[in-house]
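Participant: Whenever a hint applies, use it, and build me the whole structure from the sequences.
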Amino acid sequence: MTKRPPGVNNWPDRQEKMSRRSMMAATAAIPLSVQLSGDEAVANDAIASLVERARAKNAAFMRGDMDRWLRLVRIAPDFTLMQPFGGPASRGFDASPKRLADLSRYFREGETELEVLQTYASDALVVLVMIEHQRAEVGGLPAQDWSLRVTEVYRKDGTDWQLVHRHADPLVRSITLQQAAILARGWLEDK
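Quick note: the sequence shown, position 97, residue 97 per the UniProt record's numbering, numbers continuous.
These are calculated hints, taken from the structure and not from any lab test. Among the hints, a few may not be true.
[To be verified] For each label pair, taking beta carbons as the anchor points, the in silico distance ranges come out as:
#1 115 to 142: 20 to 30 Å
#2 144 to 183: 13 to 23 Å
#3 89 to 159: 25 to 35 Å
#4 67 to 140: 16 to 26 Å
#5 187 to 75: 25 to 35 Å
#6 109 to 169: 21 to 31 Å
#7 142 to 95: 23 to 33 Å
All of these numbers come straight from a predicted model, not from anything done at the bench. Ideal Cβ placement from N, Cα and C applies to all residues, glycine included.
Facilitator: Here is the structure:
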């Protein structure tokens with residue numbers, strides 16, 4: 001039996017309910033966070049569509065299904081990524097068959113739910129602020145909780161939306177000032 005992340009019941013039975021709940025929460029947040037010059041209904045549809053796409057692409061990624069992930073994501077040429085493992089931001093994305101195969105082997109057997117905390121939209125940009133609750137085998141490590149705090153920025157490109165920025169970090173649970181200081185110094189443990 002798969003161990004559930006803390007606070008997740010009926011795993012993975014809640015995925016569909018959570019997806020609908022996330023989309024409803026995103027739609028409910030729109031009047032508070034949208035500043036549009038156009039039609040709010042169009043923004044509501046765009047946000048709901050991007051939330052659903054984010055849910056599906058994240059689930060595919062954590063299962064190592066990079067073919068499906070690549071069909072779901074539209075990555076902009078000027079894409080930036082701030083990875084959950086730290087380090088400098090990367091630019092662009094290598095979608096070569098070799099890179100996708102490497103990613104497919106790196107992420108395995110994942111289960112995920114998406115919690116949308118806030119959305120922002122304009123005519124040209126949508127921002128999703130989320131928690132990705134997930135459990136997976138990553139980099140050969142046994143399955144464990146890999147939940148992330150995530151911000152994604154999408155830019156309108158014709159009739160579709162391109163992912164232009166993703167920032168993810170594993171600090172879903174609070175840490176102490178001392179732990180944050182150790183991370184800020186780049187040390188695994190206080191020396």
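Participant: Hint by hint, where does the structure go against what was stated? Just the numbers, ascending.
Facilitator: none
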